[in-house]
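Q: Dock chain one against chain two, each of which comes alone in its own frame, and use the hints as you go.
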Amino acid sequence: MRVGFGAIALCLSASVIGAGVRQARADGSPELRVTVDSVHGATIVLAGGRVRATSDAENVLALYVGSAPSRNTTAVAGTYELSDTAVVFRPYFALVPGVEYTAVARIDAESTQPGTLTKRIFVPAPPLVAQASVAAVYPTADTLPENLLKFYIHFSRPMRDGDAATHVALLDEDGHVISNALLGTDTELWDRSHRRLTILLDPGRIKRGLRPNQEFGAPLVAGRRYRLRIDSAWRDADGAPLVASHEKSFIASSAIRSSLSIADWRATAPTAGTTDPIELRLPRPIDHALAERLVRVDGPSGLTIAVARRTADKERMIRLVPRVPWIAGRYRVLIGAQIEDLAGNNLQRLFDVDLADPAARTRDDANVESIRVEIVARRNTASGRP
Amino acid sequence: MQYASRLAVLVGALALDPVGVRGTASRTPLPESPGASHAWLRAGTPDIKAAGALTFTADGLLLVGDSPGSAVFALDVRDVATVVVDTINVKGIDELVAARLGTKASEIAINDIAVHPKSHAVYLSVARGLGAGARPAIVRVGAKGRIDVVSLTNIPFAKAVLPNPPAPGKKDEDGDDVSDRAITGMAVVGGSVYVTGISNDEFSSTLRRISIPFTTAVATTGLRIYHTHHSRYETKSPVSALTSYSVGGRDYLVVSYSCTPLAIFAVDSLADGAKVTGKTIAELGAGTHATSMITYEFKGKRYLAVSTIGRSIQVLEATDLTTAPALGADSNPSRGHPLGSWFMWGLPAFSSSVPGVMRMADFDANNAVVLHRTVQSGVLYLRELQKPILWARGATE
Chain A
1 MRVGFGAIAL CLSASVIGAG VRQARADGSP ELRVTVDSVH GATIVLAGGR
51 VRATSDAENV LALYVGSAPS RNTTAVAGTY ELSDTAVVFR PYFALVPGVE
101 YTAVARIDAE STQPGTLTKR IFVPAPPLVA QASVAAVYPT ADTLPENLLK
151 FYIHFSRPMR DGDAATHVAL LDEDGHVISN ALLGTDTELW DRSHRRLTIL
201 LDPGRIKRGL RPNQEFGAPL VAGRRYRLRI DSAWRDADGA PLVASHEKSF
251 IASSAIRSSL SIADWRATAP TAGTTDPIEL RLPRPIDHAL AERLVRVDGP
301 SGLTIAVARR TADKERMIRL VPRVPWIAGR YRVLIGAQIE DLAGNNLQRL
351 FDVDLADPAA RTRDDANVES IRVEIVARRN TASGRP
Chain B
1 MQYASRLAVL VGALALDPVG VRGTASRTPL PESPGASHAW LRAGTPDIKA
51 AGALTFTADG LLLVGDSPGS AVFALDVRDV ATVVVDTINV KGIDELVAAR
101 LGTKASEIAI NDIAVHPKSH AVYLSVARGL GAGARPAIVR VGAKGRIDVV
151 SLTNIPFAKA VLPNPPAPGK KDEDGDDVSD RAITGMAVVG GSVYVTGISN
201 DEFSSTLRRI SIPFTTAVAT TGLRIYHTHH SRYETKSPVS ALTSYSVGGR
251 DYLVVSYSCT PLAIFAVDSL ADGAKVTGKT IAELGAGTHA TSMITYEFKG
301 KRYLAVSTIG RSIQVLEATD LTTAPALGAD SNPSRGHPLG SWFMWGLPAF
351 SSSVPGVMRM ADFDANNAVV LHRTVQSGVL YLRELQKPIL WARGATE
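As they're listed, the protein sequences go chains A and B. Start counting the first sequence at 1; every next residue gets the next number (the working numbering). Start counting the second sequence at 1; every next residue gets the next number (the working numbering).
With the rest of the complex left out, here is chain B (with noise of 0.2 Å):
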């Protein structure tokens, strides 16, 4: 006998994720990508081990760093979003964030922020889980906070592996050869990605260049950067932070080092395997470090601001990063002085009044949006910070 209810059990067209859900493809077409430009890419399962540092390219690649994988993965997130998000503030981000993942807040790590060039949704990198059977997850906040996972099958997608540091002979069979290195910073210049890192056994900064589109053979470069500061002692050091930034036609890459100089580099001074001696133009001062950066103009005025480990946002205001007084063993004004390295020294600089920032990117021409906990309440926060990143948009606690 065939039965079924009275009842109408209503479902239907799938709004859920902004890439298409997996197994409805014949129901839910998935959205053409935007522009012929993302061709290069294949659809499958990337197998991304950790969703690390996140950037996007201008045309709306999401490229992340995966340190265990040791690799940048480029996906096409289809985000053809018709609604630009025109404001993010999401309390309790962790728990949406977790609840959406099917987990508790204290079982994920959001580990760092992107905004997307045209929809300017937030997408947010993510461990679900943090010991046995943790897996990657890449998120989308839109428009009214709605939060949604972007499915990471048959999306189309390129992979570059980062190739370990040169060491002698060929690899064992075992290949047991690798040094692992946390991805720390990617930034997106003229063609190509950068990635910095901090390895696990070397103490070092090696800069590695990853043009896009990604080809088979991945064309990177081995680049070692070094920072002459404290004076008179040059210092390797690891990166902790890296964006962009570009004037009169030249771009650079502004470098922020553990222990604690912001250096900036001329990417055309950069040649594979070559050591490169950056300009230091500030130094953030003892006992913090940056965890992101980025470089913005605002009312006809330029500015790098930092996210740190330990401190507000320092907002660094030039007119032109490049042409700032270089910090050197003869020029350095923290020598001598009273305060010495505890100082932020270098280009003139302001806190924001909001402390607690983990992760900052930009996100329209107004607004920096950052992941933030707030001193009061302890809340995890996703929300804008106004420029010139002063203090918050929206209400606050």
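Just chain A, same shape as in the assembly (with noise of 0.2 Å):
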């Protein structure tokens, strides 16, 4: 992509000095050439002069943000290829497009002509269009428990990074904006692909015995009804605002302290043959995220079977659908201790341990629990015993 030429012209004389500046015009004046490539690489080239070494080649040609560079504007970073004939820059980053530059060449003060060549350089951007939504909310549930300690904001495509805190709200009945509920951590907590925003409340007003804890209370309270607004001004990576705002409407309920334990969780076994999930049916609700990073299926050779994991009716259940048909055989379910309920609670420890308490669980051993099931042909099994 060739970019538009906005030099300002030098009447030079030439003289020969080898066979490099056949690139250069005819009449050898020094020339700015600027290419930009599909993905905005930018090359600089000045050429058509005699090229001698100085101290700083920044100082003979240079790219600048903006449209009025002066001598004291950095310059952007990038490397230099030097020749008799030629400078060429190449800036260390794509040019960003909807930012104006502007490329440098002075000539020499000592030069019988001294001078400066300038050309601006533009990549249009692409015109802004909404198409990223909020795709779920988790936990699903409308009644969540008021020492909630997650929610995860699921969208449609990658989001920017950095703008979450002023997007993201939760409201009391009367839509007004409870303070200090979501944590404010320095790093956004972002998936790999930048779909996944893991938002935490703020776990000092839910842990028993803190002063926000005893004075404010949890940011949730039980009987009351709230909102995790989401406001459409979130931009998305290319900068487009989400089509819609998206609102999660919940009724707080009381408080989950009691130890999280797969024993009566229950497992139904699929038909041998088919690619029907094994169902895991839980008591409680489950951090999705966790089950489907945490729990595995072993089967009846010891190997570990590839499972889509998901979590369904409102992460009270979780489903394990494996890829190609099952075959008959006693297969095992393993899941990670660190699995969580909503109250981060999970299989070794309660969230908040009172070490009053000679019954509280705190379990290090175990890095893994475990259901058996067995699969058998045509008809259905269950055996849920841990």
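Simulated from the structure, these hints should not be mistaken for lab results. Honestly, I wouldn't trust all of these hints.
[Said to hold, decoys possible] Covered stretches of chain B (in silico footprint by chain A; criterion: 3 or more residues with CB under 8 Å from a CB of chain A, positions within the stretch not fixed):
#1 101-107
#2 121-132
#3 143-149
#4 191-203
Built from N, CA and C at the ideal position, the CB exists for glycine as well.
A: Below you can see the structure in the form of structure tokens.
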């Protein structure tokens, strides 16, 4: 892609210096050429003059952000290649569409006709079209414990970094923002695709014994209604706003302060020869992200079976769908002990361990717990004993 | 016909980049690595996805935490500057860095700062772009505030991949068992770098240890750390900042949790896979958390300085952090106090007079360097604070 030419013309007479000058204009005047490739990598060439060494190439050829750089303007960093006939500059980073740049060649003051060549460079930005939307907010239930620890917001497209704090808020039933309910983290907790953001409720307001909890209580109070609001000005990775704002309404219920255990998880076995899921039915909702990461299936041979892991029924069910049909035999569903319920209790310990309570369960010994599932031909057989 | 201008275009020896310039190696030989200790690095282009937490080893290797890449990179930045940077005071650092990176200040994020142990140049980890096409950048701020971009092409480097937390069974074919952890702190102690992070699903603390040099089979330690505080509840919590501390020939890690104890762990107590309970020596108090910490000696006293979200730097003074009284179930002075956990508890501490500090690193014997946004003008500075980190060095607004 050739970018428009806007150089100040310099009328310079020429003399023969060597073979490399063929690319230069016939009158031998120095020329500033700019090319921008399809991914906006720029190459800026000053050619047609004789090139000699000085101490700082930036004083000869430089690229600047903006339309009117001065000598004091900070130049864009990049690489220089030098020959007897040309200076070639390539910025380290691609040009940003919608940003104006100016390339400047300063012809040395000691020469007979000093001067400056400039060239404006502009890559038009494509129009912003709102395409991204909130695909889901987890937990999906409309009743959530007052000691809820996390929300997950899933977007349909990758999102921009650094904007979350201004675009997501927890509102009370009168529509007022509950201040300091959500934890401001230094780094936003995106997944790798930048489509899922984790929002923590301020644990200082959830943990018992801390002054914010004692004076303000948990951010959520059982029996009250709330909305998590995601406003449409939140930008996606291309800079476009969301198609629409999104709200998740819910009622807070009493806190979950009992241990999480798989003892009461019930497994339903599919029939051999099918790709129906193994279904785990749970008495309390589970953190969907951890369920999708920490649940595995080992097959009759002891090898791990590739399964898709999805939560259903407001995260009270985990479905394990094989890629290929099940064969009959004994399987084991393995559950990582770090799996958490909605209040951050995992299989090893409660979110808040009350040291004064001798019955408080902490188990740091077992990292994995398991449920046996027998898959047979024809009829479904369930066994859910951990 | 062959022509040339009478005009001579003067260009030449490039002093643009402290680590050499791509494509000009034949003309501008790269400086030799200082010392043979970095021979375990291999030249190439590190596949850093994002440049986050930064720290240097004592011999000048830059360690870069890459959260989305779940890795730590060791880079030989070949900083062979003969002039030691004696002062840093750059007004509008974000504007200048953005200009150098060819974009606007609103389109970059400066994630962390670290000071080269020999040249005292300040290195910045930067996100160049915040959406699609975001790229990592390492920027060097040297004498007279000169800003250079460290070329990540053909640079001696090594990469240590942080293992995922233990998951049952084997990895699926599609490998979708990753827990993304934002790296919140790195500290080099006793030949290893310790790395803390905050997970985007699991609410806990895990400490990883990577020995230096990195080996092909990266040795890391999964370590669960707990703090006992809040009078009677033992809680798990993500770590928001990490630093090292040494006294009497013994090395320690100082760990700051999101809510909000400061705890200390002896490095030699950290065994692989162990559950270790640190000693809580202070509470930052509700409504804040640490973003960076440094320990230093100044005029015969020892300090731990903590930059925070929401407050100015908190400076704790201790003859010896390791002998500081533990804040425990029965020894937490906040218990029953009218201010309770609103307040900072533990060691004697003072607040610096410079609010708005986002990141801090040790600069030299008398100063720390900070990235801070002034309350008065909102301008972002990279500048020094005089130890014991009460006020700024040089002209202020």
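Q: Each of the hints needs a verdict: does it hold here or not?
A: Checked hints:
1. For a cut-off of 8 Å, the count of residues in the region 101-107 of chain B with a CB near a CB of chain A stands at 5, and the three-residue condition holds.
2. As drawn, the region 121-132 of chain B meets chain A at 6 residues by the rule of a beta-carbon pair under 8 Å; at three or more, the given contact holds.
3. Counting residues of the region 143-149 of chain B whose beta carbon lies closer than 8 Å to any beta carbon of chain A gives 3, which reaches the threshold of three, so the coverage claim holds.
4. Remark: the region 191-203 of chain B is confirmed as covered by chain A, as 6 of its residues place a Cβ nearer than 8 Å to a Cβ of that chain, reaching the required three.
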